[in-house]
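Model the placement of chains P and C on the given structure of chain S, informed by the hints.
Protein chains in written order, with this note's numbering: chain S, 1 to 325; chain P, 1 to 325; chain C, 1 to 325.
Among the clues, some could well be false.
Repeated chains share a single entry, so a pair holds when one copy, or any two copies, can fit it.
[As the list claims (entries may be wrong)] Calculated pairs, PhoX-like style, for lysine-lysine (alpha carbon to alpha carbon, straight line, at most 20 Å):
id	residue 1	residue 2
1	Lys292	Lys313
2	Lys167	Lys192
3	Lys35	Lys54
4	Lys167	Lys193
5	Lys241	Lys167
6	Lys51	Lys62
7	Lys292	Lys241
8	Lys193	Lys94
9	Lys11	Lys62
10	Lys94	Lys192
11	Lys107	Lys96
12	Lys189	Lys167
13	Lys296	Lys313
14	Lys96	Lys167
15	Lys292	Lys314
FYI, nobody ran anything at the bench for these hints, they're computed from the structure.
Note that the coordinates shown come from a computational prediction; the quantities given were computed from them, not determined experimentally.
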Amino acid sequence: MTYTLGDLAAKYGCDLVGDPDIEILGVASLISASKGSISFLTNESYLNQLKETKASAVIINKKFIDSCPTNALISADPYYLYSIIVELLHPIPKFKPEISKYAFIGKDISIPSSTYVGPMSSIKGNVSIGESVYIGPGCIIDGNISIDRDTRLIASSTIVNSVKIGKRTTIHPGAVIGADGFGNVKTKKGWKKINQIGDVVIGNDVEIGSNTTIDRGSLDSTTISDGVKLDNLIQIGHNTKIGAHTAIASSTAIAGSSSIGERCMIAGQVGIVGHIEICDDVRINGAAVVTKNIKKPGIYSGSIPFEEDQIWKKFVAKFKLSAKK
Amino acid sequence: MTYTLGDLAAKYGCDLVGDPDIEILGVASLISASKGSISFLTNESYLNQLKETKASAVIINKKFIDSCPTNALISADPYYLYSIIVELLHPIPKFKPEISKYAFIGKDISIPSSTYVGPMSSIKGNVSIGESVYIGPGCIIDGNISIDRDTRLIASSTIVNSVKIGKRTTIHPGAVIGADGFGNVKTKKGWKKINQIGDVVIGNDVEIGSNTTIDRGSLDSTTISDGVKLDNLIQIGHNTKIGAHTAIASSTAIAGSSSIGERCMIAGQVGIVGHIEICDDVRINGAAVVTKNIKKPGIYSGSIPFEEDQIWKKFVAKFKLSAKK
Amino acid sequence: MTYTLGDLAAKYGCDLVGDPDIEILGVASLISASKGSISFLTNESYLNQLKETKASAVIINKKFIDSCPTNALISADPYYLYSIIVELLHPIPKFKPEISKYAFIGKDISIPSSTYVGPMSSIKGNVSIGESVYIGPGCIIDGNISIDRDTRLIASSTIVNSVKIGKRTTIHPGAVIGADGFGNVKTKKGWKKINQIGDVVIGNDVEIGSNTTIDRGSLDSTTISDGVKLDNLIQIGHNTKIGAHTAIASSTAIAGSSSIGERCMIAGQVGIVGHIEICDDVRINGAAVVTKNIKKPGIYSGSIPFEEDQIWKKFVAKFKLSAKK
Numbered sequence: 001m002t003y004t005l006g007d008l009a010a011k012y013g014c015d016l017v018g019d020p021d022i023e024i025l026g027v028a029s030l031i032s033a034s035k036g037s038i039s040f041l042t043n044e045s046y047l048n049q050l051k052e053t054k055a056s057a058v059i060i061n062k063k064f065i066d067s068c069p070t071n072a073l074i075s076a077d078p079y080y081l082y083s084i085i086v087e088l089l090h091p092i093p094k095f096k097p098e099i100s101k102y103a104f105i106g107k108d109i110s111i112p113s114s115t116y117v118g119p120m121s122s123i124k125g126n127v128s129i130g131e132s133v134y135i136g137p138g139c140i141i142d143g144n145i146s147i148d149r150d151t152r153l154i155a156s157s158t159i160v161n162s163v164k165i166g167k168r169t170t171i172h173p174g175a176v177i178g179a180d181g182f183g184n185v186k187t188k189k190g191w192k193k194i195n196q197i198g199d200v201v202i203g204n205d206v207e208i209g210s211n212t213t214i215d216r217g218s219l220d221s222t223t224i225s226d227g228v229k230l231d232n233l234i235q236i237g238h239n240t241k242i243g244a245h246t247a248i249a250s251s252t253a254i255a256g257s258s259s260i261g262e263r264c265m266i267a268g269q270v271g272i273v274g275h276i277e278i279c280d281d282v283r284i285n286g287a288a289v290v291t292k293n294i295k296k297p298g299i300y301s302g303s304i305p306f307e308e309d310q311i312w313k314k315f316v317a318k319f320k321l322s323a324k325k
Numbered sequence: 001m002t003y004t005l006g007d008l009a010a011k012y013g014c015d016l017v018g019d020p021d022i023e024i025l026g027v028a029s030l031i032s033a034s035k036g037s038i039s040f041l042t043n044e045s046y047l048n049q050l051k052e053t054k055a056s057a058v059i060i061n062k063k064f065i066d067s068c069p070t071n072a073l074i075s076a077d078p079y080y081l082y083s084i085i086v087e088l089l090h091p092i093p094k095f096k097p098e099i100s101k102y103a104f105i106g107k108d109i110s111i112p113s114s115t116y117v118g119p120m121s122s123i124k125g126n127v128s129i130g131e132s133v134y135i136g137p138g139c140i141i142d143g144n145i146s147i148d149r150d151t152r153l154i155a156s157s158t159i160v161n162s163v164k165i166g167k168r169t170t171i172h173p174g175a176v177i178g179a180d181g182f183g184n185v186k187t188k189k190g191w192k193k194i195n196q197i198g199d200v201v202i203g204n205d206v207e208i209g210s211n212t213t214i215d216r217g218s219l220d221s222t223t224i225s226d227g228v229k230l231d232n233l234i235q236i237g238h239n240t241k242i243g244a245h246t247a248i249a250s251s252t253a254i255a256g257s258s259s260i261g262e263r264c265m266i267a268g269q270v271g272i273v274g275h276i277e278i279c280d281d282v283r284i285n286g287a288a289v290v291t292k293n294i295k296k297p298g299i300y301s302g303s304i305p306f307e308e309d310q311i312w313k314k315f316v317a318k319f320k321l322s323a324k325k
Numbered sequence: 001m002t003y004t005l006g007d008l009a010a011k012y013g014c015d016l017v018g019d020p021d022i023e024i025l026g027v028a029s030l031i032s033a034s035k036g037s038i039s040f041l042t043n044e045s046y047l048n049q050l051k052e053t054k055a056s057a058v059i060i061n062k063k064f065i066d067s068c069p070t071n072a073l074i075s076a077d078p079y080y081l082y083s084i085i086v087e088l089l090h091p092i093p094k095f096k097p098e099i100s101k102y103a104f105i106g107k108d109i110s111i112p113s114s115t116y117v118g119p120m121s122s123i124k125g126n127v128s129i130g131e132s133v134y135i136g137p138g139c140i141i142d143g144n145i146s147i148d149r150d151t152r153l154i155a156s157s158t159i160v161n162s163v164k165i166g167k168r169t170t171i172h173p174g175a176v177i178g179a180d181g182f183g184n185v186k187t188k189k190g191w192k193k194i195n196q197i198g199d200v201v202i203g204n205d206v207e208i209g210s211n212t213t214i215d216r217g218s219l220d221s222t223t224i225s226d227g228v229k230l231d232n233l234i235q236i237g238h239n240t241k242i243g244a245h246t247a248i249a250s251s252t253a254i255a256g257s258s259s260i261g262e263r264c265m266i267a268g269q270v271g272i273v274g275h276i277e278i279c280d281d282v283r284i285n286g287a288a289v290v291t292k293n294i295k296k297p298g299i300y301s302g303s304i305p306f307e308e309d310q311i312w313k314k315f316v317a318k319f320k321l322s323a324k325k
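Pulled out of the complex, with its shape left as it was, chain S reads as follows:
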């Protein structure tokens, strides 16, 4: 199925500037676009790329229309419209249901005929798999695990112990969900492990990035609510609760028993110590260290931008000197 620019304008109720009959075959960036591509401008700093684009059309805010060298779809939110059109023209590929002969499925586990299980995946324990679930190659599912319909494990993820995953959730490769948390008690002979017996509950429409780790609760649940988006290499400690529609960027670490509100945005490399409560609608900028509760929505920061080494050394020297006074 192909679309003209006019089709897209009609479908999404947009104004159109230029030729409605031009055919749109795919989405591309301003720089790499060619005939048949639609591109988009969301960031003023790419205006110079706009001028050079070879796209057949560009999704653009009205205010930049004079800089546009080609046909345009006008949108108040070009980034959102782009996301819709990329989904239309480049949908996530459908899969053909199959259970690979190179997968292992434990006895008494029933896999719906609408499901895919790839080679080198192993599913055992007390496992329930919903309709149209996609379990890519190399996934390990082991324990009391339920995965609800339309959820996708792309490849090589590991779900262990006791985990419940909702609908339409995506888990990227290398993610580890349900492993024991870091619970130890100090004794005279060293650390004694505290057996971890809780679970992980993951909602609907969640995304979990590559090599992210989500530990099971120590006694209760670690909870990832509906619509949460987690980037790669994130640590979610045991008993943590993450509220609906919160997004967290790469390499952030959340220690145990913290509770993050809804619709929060947490940038990369943030550290959140244990037993913290963060309310809804909080934004935390990159590399901040959060050591106490946040009770008021708003923006919070905690990192000092870099400098040339010589200048930075002076900062550090003054910082340390002033405190010694």
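Only chains P and C this time, still in chain S's reference frame:
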């Protein structure tokens, strides 16, 4: 086997307040406990939860007994007693020895009949496996590897090149042990890799978290001593030595050739540069950057807690301004 | 094949001090060396180890020759010469080509007879594998993937969606290449995923560390150029470009759409926000937070070294107080 509260008091030599005949079936948190559960209080900030608990009993310090609405086991160290009772009532499940038909075992490798090897695991090379070792699904063991008795690889961990693992050690999913360290020498044509030929030696009673990486030594050993506890997503560079009973929290990175003492506690997101020596009994708080040796036991810190963004921006401006004076 | 010290001196054009006929069997560190070992000194702080070494010979800069208790190979760059000799005496083991019966190879994929594919690996999709490629156990290759000759996937790495890998590149265990980037657009109902349709292009002679993640481009490519060396647990966000011969240490996170120049050295735990451009020949010290473009080669820093906790607390208090004035 079930226990009454009186049984537990007798077994652990505790005072008991309330009904000794009440039956204790499991451990639960104050909030989620119900009839048959024993809970615990270790942190004053949960006193309000204590008042609402539906637990049949609570492990508690004598000083809080007046706030306890139910039966109590009195302990000077409720967290420790909790760890003992959770182990009693919720032991780590025993496994049935088996070598899955879906595992690959290289020729000439002898696997004791007390051992479990799960589906999609591959064991090849010059490998020695001790009695009662548990190798969960999806584990890759490849090289000169020895794993001593009662050690457990939960799932999906990768042990390569040259690695020796002690007794009763637990390795969580996604951990990578024995891969080449980051050794390169600068040349006019770019970086030249330095072949890594050392090994990793891991002691007894160690715990290694999910997706943690421990590189082999460049020539000698990377050493993780007895009783060390490593959380998730930690980087241990080549030639690093970690002393007995040291615990390290998530997302900390230790560059090559550093030596950490015994009984240290290193919090999350700490960075330790190469060739550092840290003595015994050092505690390092979260996100500190350690750039020189630590020769004296004690507590060390290095991160500045976050603030509201508007306030933080002023801090940063003043910091940078003051240094320019 | 064995070598005398004289052979090595002749082969590499070095001066030799001592006995040319002594046999050199292997490389070892100063501390662990014994008869038959050659060791090296690159760092003055190891002079005390030099004095105690039992090595048969040491690679050393002329200026330290008086401290050397044994035979010596003289080099202006001992670290480089060490890297050459370790490669000579301890080459990366050659592998015997084989396709394990415990691997899965999709229909219509042709694997050269010079290639190795280990147990529990799965190769499917539109995949092209070059001559003498080594695919260790537990690797998952799934999508439009090409891997050029002499490249090695050590074990358990995951290459998905659309990825092109050059020649003589090494990928360590747990690395995830080609997974979706973190692209979401905010809507009234929460975050909407933006389908990711780009690819990853990796050059020749690249090294990618354990559990490092490299996301596919959103529309175009994420690019890792020739000779790039990435350590463990690094995050490379979508659309990032890394210039030739740049080296990045562990746990650094690079958000999306940034461009790093050639021959840069980025230390551990550095954070680089999105849409940043960094020119060639930049060195960034550990844990710096890079929030704007770097247009000038040089050294940049951004972390404050730790202190004893009591002193650090004073720093923090002064820092916060001064800004409130």
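Outcome of the hint check:
1. Lys292 with Lys313: between (29 Å within a copy, 16 Å between copies)
2. Lys167 with Lys192: Classified as between: cross-chain Cα gap 15 Å, same-chain 38 Å, threshold 20 Å.
3. Lys35 with Lys54: within (7 Å within a copy, 68 Å between copies)
4. Lys167 with Lys193: between (34 Å within a copy, 15 Å between copies)
5. Lys241 with Lys167: Answer is within: at 18 Å inside a copy they meet the 20 Å cutoff, but 34 Å across does not.
6. Lys51 with Lys62: within (15 Å within a copy, 60 Å between copies)
7. Lys292 with Lys241: within (16 Å within a copy, 33 Å between copies)
8. Lys193 with Lys94: between (44 Å within a copy, 17 Å between copies)
9. Lys11 with Lys62: within (19 Å within a copy, 70 Å between copies)
10. Lys94 with Lys192: The answer is between: 19 Å across copies meets 20 Å, while 48 Å in one copy does not.
11. Lys107 with Lys96: between (23 Å within a copy, 15 Å between copies)
12. Lys189 with Lys167: Classified as between: cross-chain Cα gap 16 Å, same-chain 46 Å, threshold 20 Å.
13. Lys296 with Lys313: For Lys296 and Lys313, the Cα distance is within 20 Å only across copies (18 Å; inside one copy 35 Å).
14. Lys96 with Lys167: within (19 Å within a copy, 33 Å between copies)
15. Lys292 with Lys314: between (30 Å within a copy, 18 Å between copies)
In this structure, every one of the numbered hints holds.
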